[in-house]
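Peer 1: Same order as they appear, the protein sequences are chains A and B.
Just so we're aligned: the first sequence equals residues 1 to 387 in this note's numbering.
Just so we're aligned: the second sequence equals residues 1001 to 1529 in this note's numbering.
What the hints contain is simulated information worked out from the structure, not anything from laboratory work.
Since no wrong hints were added, every one of them can be taken at face value.
PhoX-like cross-link-like pairs, simulated, lysine-lysine; straight-line CA separation at most 25 Å:
{"id": "1", "chain 1": "A", "residue 1": "Lys81", "chain 2": "B", "residue 2": "Lys1170"}
{"id": "2", "chain 1": "B", "residue 1": "Lys1474", "chain 2": "A", "residue 2": "Lys382"}
{"id": "3", "chain 1": "B", "residue 1": "Lys1002", "chain 2": "A", "residue 2": "Lys79"}
{"id": "4", "chain 1": "A", "residue 1": "Lys79", "chain 2": "B", "residue 2": "Lys1126"}
{"id": "5", "chain 1": "A", "residue 1": "Lys62", "chain 2": "B", "residue 2": "Lys1186"}
{"id": "6", "chain 1": "A", "residue 1": "Lys48", "chain 2": "B", "residue 2": "Lys1183"}
{"id": "7", "chain 1": "A", "residue 1": "Lys91", "chain 2": "B", "residue 2": "Lys1194"}
{"id": "8", "chain 1": "B", "residue 1": "Lys1194", "chain 2": "A", "residue 2": "Lys104"}
{"id": "9", "chain 1": "B", "residue 1": "Lys1186", "chain 2": "A", "residue 2": "Lys104"}
{"id": "10", "chain 1": "A", "residue 1": "Lys54", "chain 2": "B", "residue 2": "Lys1170"}
{"id": "11", "chain 1": "A", "residue 1": "Lys81", "chain 2": "B", "residue 2": "Lys1194"}
{"id": "12", "chain 1": "A", "residue 1": "Lys86", "chain 2": "B", "residue 2": "Lys1096"}
{"id": "13", "chain 1": "A", "residue 1": "Lys62", "chain 2": "B", "residue 2": "Lys1183"}
{"id": "14", "chain 1": "A", "residue 1": "Lys38", "chain 2": "B", "residue 2": "Lys1183"}
In silico negatives: residues of chain B with every beta carbon more than 12 Å from chain A:
{"id": "15", "residue": "Lys1071"}
{"id": "16", "residue": "Glu1094"}
{"id": "17", "residue": "Met1302"}
A quick note: this is a predicted structure, and the numbers were derived from the prediction, not measured.
Even glycine gets a Cβ: it sits at the ideal position worked out from N, Cα and C.
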Amino acid sequence: MHDLSLADLKSRGFLAFREYLTNHADSERFTSLLAETKKLKADLSSIKYCLLIKGSGITVRKYESEIDYSADVEETFRKFKQGAVKDYRVKFTESAEMNHVEAKVLDFVAQLYPDIFSHLDDYSEKNGNYLDETIAVFDIEIQFYVAYMEFLAPFRQAGLKFCYPQISDNDKEVYDYEGFDLALAHKLIRELSSLVCNDFYLKGKERIFVVSGPNQGGKTTFARTFGQLHYLACLGCPVPGSESRFFLFDRLFTHFEKEESIENLRGKLQDDLVRIHAILNEATQNSIIIMNEIFTSTTLQDAVYLSEKVMEKIIELDLLCIWVSFIEELASFGHQTVSMVSTVAPENPALRTFKIIRRTADGLAYALSIAEKYRLTYDHLKERIES
Amino acid sequence: MKAFLMYRDQDFDLQRKLPWNEQVLTQDLELNTLFNAMAQGDKFLFEVAKKAVLSEVTDLDTILYRQNILKDCLKNPSVVKDMYNLAVETLEGEKKNFWSFYGKYPAGILRSSIDILQMFVGTLTKLRAIADEHADEFASDGFTTLFAMLKKELSDEYFANIQNHLSELKFRDGVLISAELGKGNKGTSYVLRKSHEKKQSWLDRIIADYILPKLQESKHRWLKQIIAQQPQAYTFYLHPRDEAGARALSELRDRGIHLVANALAQSTDHIRSFLAMLRTELAFYIGCLNLHGQLAQMGEPMSFPIPMSLGKREHSFRGLYDVCLALKMKRRIVGNDVTVGNKNLVIITGANQGGKSTFLRSIGLSQLMLQSGMFVPAESFSSNICDSLFTHYKREEDVAMKSGKLDEELKRMSGIVDNITSNSLVLFNESFGATNEREGSEIARQIVTALLEKGIKVFFVTHLYAFARGLHEKSDNAVFLRAERQADGRRTFKLVEGEPLQTSFGEDVYKTIFGTNSEAFHLQGEEFI
Chain A
1 MHDLSLADLK SRGFLAFREY LTNHADSERF TSLLAETKKL KADLSSIKYC
51 LLIKGSGITV RKYESEIDYS ADVEETFRKF KQGAVKDYRV KFTESAEMNH
101 VEAKVLDFVA QLYPDIFSHL DDYSEKNGNY LDETIAVFDI EIQFYVAYME
151 FLAPFRQAGL KFCYPQISDN DKEVYDYEGF DLALAHKLIR ELSSLVCNDF
201 YLKGKERIFV VSGPNQGGKT TFARTFGQLH YLACLGCPVP GSESRFFLFD
251 RLFTHFEKEE SIENLRGKLQ DDLVRIHAIL NEATQNSIII MNEIFTSTTL
301 QDAVYLSEKV MEKIIELDLL CIWVSFIEEL ASFGHQTVSM VSTVAPENPA
351 LRTFKIIRRT ADGLAYALSI AEKYRLTYDH LKERIES
Chain B
1001 MKAFLMYRDQ DFDLQRKLPW NEQVLTQDLE LNTLFNAMAQ GDKFLFEVAK
1051 KAVLSEVTDL DTILYRQNIL KDCLKNPSVV KDMYNLAVET LEGEKKNFWS
1101 FYGKYPAGIL RSSIDILQMF VGTLTKLRAI ADEHADEFAS DGFTTLFAML
1151 KKELSDEYFA NIQNHLSELK FRDGVLISAE LGKGNKGTSY VLRKSHEKKQ
1201 SWLDRIIADY ILPKLQESKH RWLKQIIAQQ PQAYTFYLHP RDEAGARALS
1251 ELRDRGIHLV ANALAQSTDH IRSFLAMLRT ELAFYIGCLN LHGQLAQMGE
1301 PMSFPIPMSL GKREHSFRGL YDVCLALKMK RRIVGNDVTV GNKNLVIITG
1351 ANQGGKSTFL RSIGLSQLML QSGMFVPAES FSSNICDSLF THYKREEDVA
1401 MKSGKLDEEL KRMSGIVDNI TSNSLVLFNE SFGATNEREG SEIARQIVTA
1451 LLEKGIKVFF VTHLYAFARG LHEKSDNAVF LRAERQADGR RTFKLVEGEP
1501 LQTSFGEDVY KTIFGTNSEA FHLQGEEFI
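With these hints in hand, go ahead and build the complete structure from the sequences.
Peer 2: Right under this line is the structure:
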């Protein structure tokens, strides 16, 4: 409550909730309850008692400042300390309930401290059902926001950018600069590897990204990012990137390659077609489609033919789409398609950069050559060995 | 408490990572022969010798620290062996007697720990006695500190204090635990307490232990009331058939003692690891004593080397021999005298089977021995410390392989370059000879020139005449050694300074093998190892 009144709130939801809380906290019922609770809690936590367990007997009395014997023993043997050793402490299972021995002990403790416990009896009788419904609902709903912010915290700490995107429900111009895949980032940040950010934009009549380039170059990640960011943005979440704009879609369809399954009794190509047909049937002009390497189990000529058919449908529906494909013809299909290529470092074609850029598909990605295999010439060595 | 016999202020870590080229070094320098001589069939000694010799030390102080300890060991071998055996027996004894050590309950952990501690205390008492008796006979910093520490830390009062705890921890008067109220007023923060000293008479004890529990079972209400009447203390006894209650009670007790059980179990671990460290660190010196004994028996000279710091360049010795060859032949072998001084390159050429490989190996072995703090197989020896040692030897077994021998050699070389630093020492044995002489020479020249310019020290045994010749004409940073061959074709196995020659006298060897040389001589060197 105190924090909330200091916060610079703007959202309608929070402002209303703050007002509600302020009124509630000022009520007589709440303030007296708070004071009493504090007093009781302090009293209860001041209680300290001793158990003497011997054979089958247990004696309960007040604590009389006896010294911590574990610490005493530990101190005696401290000189032998040699660095980390195994922890022999036992994990006790903590249940919320009391067993009858604990209950019996508590009875005795109550007898040792009669004033505090009679106060506790009164208190519980009076305030048995005190919970405000609005606050209970808030407790549940706020968890989503808190969890998401906690999820983002390590990325922010690593210097990655997030922004609140613009959302439009009629304009299909979308963009995101310095975006990245949260799922991958989550993995990389634990391994402390660095992450490559990518930019994309569609403007005017552009609707469809066709992503090609070398394998392991980040194409699938890029496609996933496109869908993921749309999804998060439309939930109202901040998304990876320095500046972004997304389309408020009605449905988001994905078509990723599936293992051939004996159960559907169809060939892989047929399965691909059945799935894409279902998607195109259900898609409206406000949908988004993400496709990753379909039609790989047929000849190139077939794949080109089928892909072009599907592409015509997508354009006809005016869908937003990202399509990872090795078929270069798709990249230059029409003015709605934009070619994106995963790239390699020019000086060493074997090195992936994980950068996906807007560029004509040229099919030269795998041209790699290593001039001096082991880099053992005089010049190389002078460079390799640190002085 | 620390043994600190390998480093002034750190433990010798037996789990440490060895250099990446550990296997190559072991193979090229025949290190297992050395380790076996130090171990005398003992696996543990072998392991320690291997770790100590292969993980070279790069600071002067540690090397001298170990040299002095080793000198003490050579002076007092029986005391050192006694200490070592004491540590070994205790650790082995514990393994045998307590193999099922601990349980998952604090009570069990506590009981086992008390038993083991009793045994360890016995060993520590004996160690103290050794310190009392022999401390005066040792002069090194390492031993002086160890003995002083044993005397100071393990006083009689301290032993008495431990005994006191060990009997207290059997809890004859019950376990006293303090607690607070947690969530739902469930007991929490259980802490074991030491009760205020209170002498209990034998009568009180009998009443508490036997009479009161009996009364609890009785039906007489008034008797129960008597029990409860003690001021500010309430007692109850479990019914003998209340099994759930017994479990709950023993869990409460466990909550009370689990920290002390942990402390005690960890203390046994600490003492065990102190004894283990003592054993490990002494094991290195026991290995040195073993080696020393064997070499002394052959009449081979040994000396403590003079190490120079990392940045300096020095290499000079007299009577340096290949300790592994001597151990294999079980007799004295020829040593070499060379003064390299501050030069960075030594090129060794000359007769086949003239002792070049043996010489190269003696350079590697003596460097490793120096840097582990051992004596070296030489009459006198001095060299600078290097931070890594690399060997690049011709590999016979790869001749037939398709990948190509030069390819394989260069691949290995590249691996070395990945790890090399300017204070490294590289030993080449007939490297880059897998192609024709001109190309091989050119590769070798480029590599060696680059290494030298980076300040790296290189010993290179080679038949590549163009390479050796070229360096001889240009370099004043090099020493050229040649395997000696007398006019009649005999080898002396001694290296002398001399410029590279265009023949390696392979013809002589051919003649020997095919028996055209009437006076057959014993080959020594390469073929034996």
